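Please work from the sequences and hints to get the whole structure.
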Amino acid sequence: MVVLKRLLPRRSYEILETIGTHVVLLAVVAPFFFVFFYMFWNSLKPDYLFFEPGTWIFEPLWSNYTDVFEQSDLIPNIANSLIISTSATLIGLVCGLLTAYTVARYNLRKLAMAILVTRMIPYITALVPFWIVYKQVGLLNTYTGIILSHLVITIPFGVWIMMGFIEDIPKDLEEAAWIDGASRTQAFLRIVLPLSTPGMVATAILCFIFSWNNFQLALVLGGFDVSTAPVSVFKYADPEAGGSGQMMAAATLVTLPVFFIVLLIQKQLTAGLTIGGVK
Amino acid sequence: MHVLRILAAAGAVALFAASPARAEVDWRQFEGTTLNAAYFTANYIDAWFRPMAKRFESETGIKVQMQVLQAGQIRKKQDIMLAGKDSQLDIVMLQMDNRGGKLTAAGHLEDLQPYLDDPALTPAGYDYPGDWLGGCLNTARVITGQPLNNIVWSAQAQLLHIRRDLFEKHDVKVPTTMAELEDAARKLTLDEDGDGKPEVYGFLSRGHGRLTTASFATYLFNHGGSWFTRLPDGTKVSNLDSKESIDAFEFYGRLIRDYAPKSALSNKPPQNAALYAAGRAAMLSALNYWHGLADNPKKSRIAGKSTTILVPAGPGGSYPNVPTTSLAISKYSEKKEAAWLYIAWMTRKGIMLEGQKAAVPMCRRSSWEDPSYEAPTPAWGESAKIAADYGIAIAKPQAIAIGQMRDAAGEIINVAIRDGSREAIEAEAKKQAAFMTQLVAETEAGMDFAGVIPEFAKKLDGDAQAAPIRAEGLDKLGM
Amino acid sequence: MAVTPQNALAPGLDERRARGSLGWRVLEWLDLQMPIVFNIPTVVFLFGLVAVPVSLVLATSFTDWQLITKPDPDFVGFDNYVKPWSDDRWIGAIWHTFAYAVASVGGQFVLGLATAMLFNRSFAGKAFYRSVWMMPMVAMSVAISLVWILFFDNAFGILNHGLEGLGLDGIEWITSPQWALVSLIIVGIWHHTPFMTLILLAGLQSLPQDPFEAARIDGASRWQMLVHITLPLLKTHIMVALILRSIFGVKEFDTILAITEGGPRYASETMNLNIYFNAFEYQYMGEAAAKGVFFFLFILCVQSILVKLRKRTWSY
Numbered sequence: 001m002v003v004l005k006r007l008l009p010r011r012s013y014e015i016l017e018t019i020g021t022h023v024v025l026l027a028v029v030a031p032f033f034f035v036f037f038y039m040f041w042n043s044l045k046p047d048y049l050f051f052e053p054g055t056w057i058f059e060p061l062w063s064n065y066t067d068v069f070e071q072s073d074l075i076p077n078i079a080n081s082l083i084i085s086t087s088a089t090l091i092g093l094v095c096g097l098l099t100a101y102t103v104a105r106y107n108l109r110k111l112a113m114a115i116l117v118t119r120m121i122p123y124i125t126a127l128v129p130f131w132i133v134y135k136q137v138g139l140l141n142t143y144t145g146i147i148l149s150h151l152v153i154t155i156p157f158g159v160w161i162m163m164g165f166i167e168d169i170p171k172d173l174e175e176a177a178w179i180d181g182a183s184r185t186q187a188f189l190r191i192v193l194p195l196s197t198p199g200m201v202a203t204a205i206l207c208f209i210f211s212w213n214n215f216q217l218a219l220v221l222g223g224f225d226v227s228t229a230p231v232s233v234f235k236y237a238d239p240e241a242g243g244s245g246q247m248m249a250a251a252t253l254v255t256l257p258v259f260f261i262v263l264l265i266q267k268q269l270t271a272g273l274t275i276g277g278v279k
Numbered sequence: 001m002h003v004l005r006i007l008a009a010a011g012a013v014a015l016f017a018a019s020p021a022r023a024e025v026d027w028r029q030f031e032g033t034t035l036n037a038a039y040f041t042a043n044y045i046d047a048w049f050r051p052m053a054k055r056f057e058s059e060t061g062i063k064v065q066m067q068v069l070q071a072g073q074i075r076k077k078q079d080i081m082l083a084g085k086d087s088q089l090d091i092v093m094l095q096m097d098n099r100g101g102k103l104t105a106a107g108h109l110e111d112l113q114p115y116l117d118d119p120a121l122t123p124a125g126y127d128y129p130g131d132w133l134g135g136c137l138n139t140a141r142v143i144t145g146q147p148l149n150n151i152v153w154s155a156q157a158q159l160l161h162i163r164r165d166l167f168e169k170h171d172v173k174v175p176t177t178m179a180e181l182e183d184a185a186r187k188l189t190l191d192e193d194g195d196g197k198p199e200v201y202g203f204l205s206r207g208h209g210r211l212t213t214a215s216f217a218t219y220l221f222n223h224g225g226s227w228f229t230r231l232p233d234g235t236k237v238s239n240l241d242s243k244e245s246i247d248a249f250e251f252y253g254r255l256i257r258d259y260a261p262k263s264a265l266s267n268k269p270p271q272n273a274a275l276y277a278a279g280r281a282a283m284l285s286a287l288n289y290w291h292g293l294a295d296n297p298k299k300s301r302i303a304g305k306s307t308t309i310l311v312p313a314g315p316g317g318s319y320p321n322v323p324t325t326s327l328a329i330s331k332y333s334e335k336k337e338a339a340w341l342y343i344a345w346m347t348r349k350g351i352m353l354e355g356q357k358a359a360v361p362m363c364r365r366s367s368w369e370d371p372s373y374e375a376p377t378p379a380w381g382e383s384a385k386i387a388a389d390y391g392i393a394i395a396k397p398q399a400i401a402i403g404q405m406r407d408a409a410g411e412i413i414n415v416a417i418r419d420g421s422r423e424a425i426e427a428e429a430k431k432q433a434a435f436m437t438q439l440v441a442e443t444e445a446g447m448d449f450a451g452v453i454p455e456f457a458k459k460l461d462g463d464a465q466a467a468p469i470r471a472e473g474l475d476k477l478g479m
Numbered sequence: 001m002a003v004t005p006q007n008a009l010a011p012g013l014d015e016r017r018a019r020g021s022l023g024w025r026v027l028e029w030l031d032l033q034m035p036i037v038f039n040i041p042t043v044v045f046l047f048g049l050v051a052v053p054v055s056l057v058l059a060t061s062f063t064d065w066q067l068i069t070k071p072d073p074d075f076v077g078f079d080n081y082v083k084p085w086s087d088d089r090w091i092g093a094i095w096h097t098f099a100y101a102v103a104s105v106g107g108q109f110v111l112g113l114a115t116a117m118l119f120n121r122s123f124a125g126k127a128f129y130r131s132v133w134m135m136p137m138v139a140m141s142v143a144i145s146l147v148w149i150l151f152f153d154n155a156f157g158i159l160n161h162g163l164e165g166l167g168l169d170g171i172e173w174i175t176s177p178q179w180a181l182v183s184l185i186i187v188g189i190w191h192h193t194p195f196m197t198l199i200l201l202a203g204l205q206s207l208p209q210d211p212f213e214a215a216r217i218d219g220a221s222r223w224q225m226l227v228h229i230t231l232p233l234l235k236t237h238i239m240v241a242l243i244l245r246s247i248f249g250v251k252e253f254d255t256i257l258a259i260t261e262g263g264p265r266y267a268s269e270t271m272n273l274n275i276y277f278n279a280f281e282y283q284y285m286g287e288a289a290a291k292g293v294f295f296f297l298f299i300l301c302v303q304s305i306l307v308k309l310r311k312r313t314w315s316y
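These protein sequences, in sequence, are chains A, B and C.
Sequential numbering of the first sequence, starting at 1, is according to this note's numbering.
Sequential numbering of the second sequence, starting at 1, is according to this note's numbering.
Sequential numbering of the third sequence, starting at 1, is according to this note's numbering.
It should be emphasised that the hints constitute simulated quantities derived from the structure, not laboratory data.
These figures come from a predicted structure and were not determined experimentally.
In this text, a Cβ means the ideal position worked out from N, Cα and C, and glycines have one as well.
Some hints could be false.
[Unchecked claim] In silico lysine-lysine, DSS-like type, Cα no more than 27 Å apart, as pairs:
#1 K70(C) x K135(A)
#2 K187(B) x K268(B)
#3 K267(A) x K126(C)
#4 K135(A) x K63(B)
[As the list claims (entries may be wrong)] Here are some, though not all, of the chain C residues that point toward chain B, as calculated from beta-carbon distances under 8 Å:
#5 L67
#6 I68
#7 N154
#8 A155
#9 E172
#10 I174
#11 Q178
#12 E261
#13 G263
#14 R265
#15 E281
Printed below as a string of structure tokens:
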């Protein structure tokens, strides 16, 4: 590299370097992308071709998708998941912001630790107890119930990510507002809230993803009326549900919504995390 | 294909329904009710239960909400809901030979006899158990003296799917004994381009963990082995360390190791079926309904080339394995009558016949013998019916602690497939058998849990083994 | 900066106290009670939800409750806490959990750091590469497991197809005890490296430039700069990433259940899977609860160590 830099004229070296960078990037990104390409490509395969891994060109079989539409509750459950994950994310975000702010400004380390500890509970063990409690209070098989259960995921995550952002907002700004006569609450609303928006966007995306992907809680606490997308997809882990082609079609269908979300806001996601820095 | 058949049949029944009804049952008496049904994933759920639920709703005004999950997940869901006495669950689909004992012993399933006897709820010609095949009825009760708490509706027999074109082309004798089976597997492991990797594997069956017990069962019993046996004093003990059982493990392990692709070790039944349908195996030991996949030109490369026969007989005889599926009602349902109406509707003669025609093998004798019914292949019709009539539900080591039992048996099969030496199998069998025996003592004390023991089965006569082969005209091959 | 004493009014508010209108009194009250009021939603939702189920788990762990087969539990003391330790399968599960977490989080970290440094450079099409890179992070575990199952197939999977194309022997990825856990670790690394990248990238972008300039003038090599400047400066970010990821790592469940079910021969069974099978396949709720309590303590220990390491740079 260094030798090349000396030998070549500056312009050529820059071009070479650019090409080199892209080659490296492609090499790094390709295997990660390939899985998704494979997912989509194979969702159009007739089942017998799954035993000919070398065959890449074939007549697409769109009926894999229509079969998924007809033979599962995936589509209504994707809608359910959108409702549930969005609600859980919003509540988690509000709780997370408020708690993160007080943790940062009042140094409530014990609270922060207690919240982290809830994140460590292996919920597999608590699923049946959760079910019992839910049955007692009539939350089984309801949106409210599943949304509440997802708070167990979104709140701790919200608090811990938001903490980093809040810490990075200079205190002087708030203090200046105080001098101007604002109360702490007013300063929080006028100064901290707007400044932490990029961080909140990033946090929201992460919370949403974790809630969207959660499988066990909705499986046990949901029911005949309310269920979520991962529950529908897991049906296809048993290929008896319709073969490998449909399995890939279902996987593609649940992957698409989050993809679009990420494509739309990936800039805010990285920017958000960068401004605050997750500490 | 399936859909078409179902639609055609639906039309036929609509005509039938329009004719003057003999019905004492008012099918619309529970109009407006919604039933919740917990079903496990199976191809007949999508192909049969979904369209039928729509029709049931239009005929009775009762809506059936189905939750369909992978078997392990739905078991969990059903268990939690039943143990928690949750009234939201109405209809339970289960395999009696799997969890039937456990749920029966705990009393979670409603006694259906009163509903069956009620002329306002059961159509006059329903004819249970008169119209049911023997093998199915064998599986309906697992504990001596238990109430009738399920209606067994489908008999998915474990059969041997064979590529008739390959047998004909290579003139290989269609096997009726275990020795012939191995011979055929060897001859039909075909490596035509000589690269050391067969294009067609001779034999394919499950080799994956606890699921293996279902395919292995027939080989176990045909070798003269069994999951459990009773000591002279009546104690139920594991029989997996007997000589016959170990013979069976050795044989099954060798067949998978030598004649199946390595995928067999990870494949679940549907993947095996797909592999077979892709034309990569000459014989597949699997449930009879997979014939539908092999015969579906859209999904298969061997449409029209496959048929089924009984799993060959062994030194112990021939015990077709019939894992049946039952419908039951949760004891805690608040809509038991409506739930029963659904079960009675789904299992009445006309509907069962339609299902039979749509390639869901049913438990009603009349569905098989109806003149309008035509089996997909002669040998399929013959072998599936013999199995449903004479078969026993031996797919799993039946016990209250079914989960552990299946894992224990799966362990021995693992060793048999991977290691395969007699000593290793014996050692593992001894270890697991001791564990199983102890577990039975712990969990079934004071309970007459019959499970399935070969003496319950009607003995298959010698000729039956060859009947399907003859029906397909394959009996002259390899002579 | 000195920490503002708790429960203090904003200084500006003191002067206005005289006004005493209702609105100001509310604000004043809020100022004084802020640490409590602001945490009400979190505490109510989070701890309210968790408290009863967790107490039930604790209570269950001292009984022999079984879901269907023994619905009326008896008190059995500490039996459930003692029994697992003579079970090879449980001991194995502890090792697998540990191995899985260390290897997958380690792999994610190395790869995450490398890619974060790559993405920290400026080049055309960065947004595109970054979006693609982030895709695994958002993908549903259940869905991507289905793809990996197909990859891993012994005879017809794309991986073995590739290996055999290179003239090598195929590997029994998920059906041999030696490879099953490795395969899951590969999936874990694939799935979660982007998250690591993201956090480390955020860290890299917030680093001051001066130390690097100085080092460059001193003629330090890239490797020296990485070890002596980048890593020390990134320490807080690294610790956060490790803490979060290692919690997820030891608790990984969906992909393992979907891909290997803990098999073959329990070779890839982690504690979480073991508890799951105990509770739902075998229905030993009591034993599962006791194991769950231990599992929780296990995570707590690992985390305390990580948090201790982090403490040196605790920023508040």
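A quick look at each hint next to the structure:
| no. | hint | result |
| --- | --- | --- |
| 1 | K70(C) x K135(A) | holds (20 Å) |
| 2 | K187(B) x K268(B) | holds (25 Å) |
| 3 | K267(A) x K126(C) | holds (10 Å) |
| 4 | K135(A) x K63(B) | holds (24 Å) |
| 5 | L67 | holds (5 Å) |
| 6 | I68 | holds (5 Å) |
| 7 | N154 | holds (4 Å) |
| 8 | A155 | holds (4 Å) |
| 9 | E172 | holds (6 Å) |
| 10 | I174 | holds (6 Å) |
| 11 | Q178 | violated (12 Å) |
| 12 | E261 | holds (7 Å) |
| 13 | G263 | holds (5 Å) |
| 14 | R265 | holds (6 Å) |
| 15 | E281 | holds (4 Å) |
Checked against the numbered hints above, the structure violates only hint 11.
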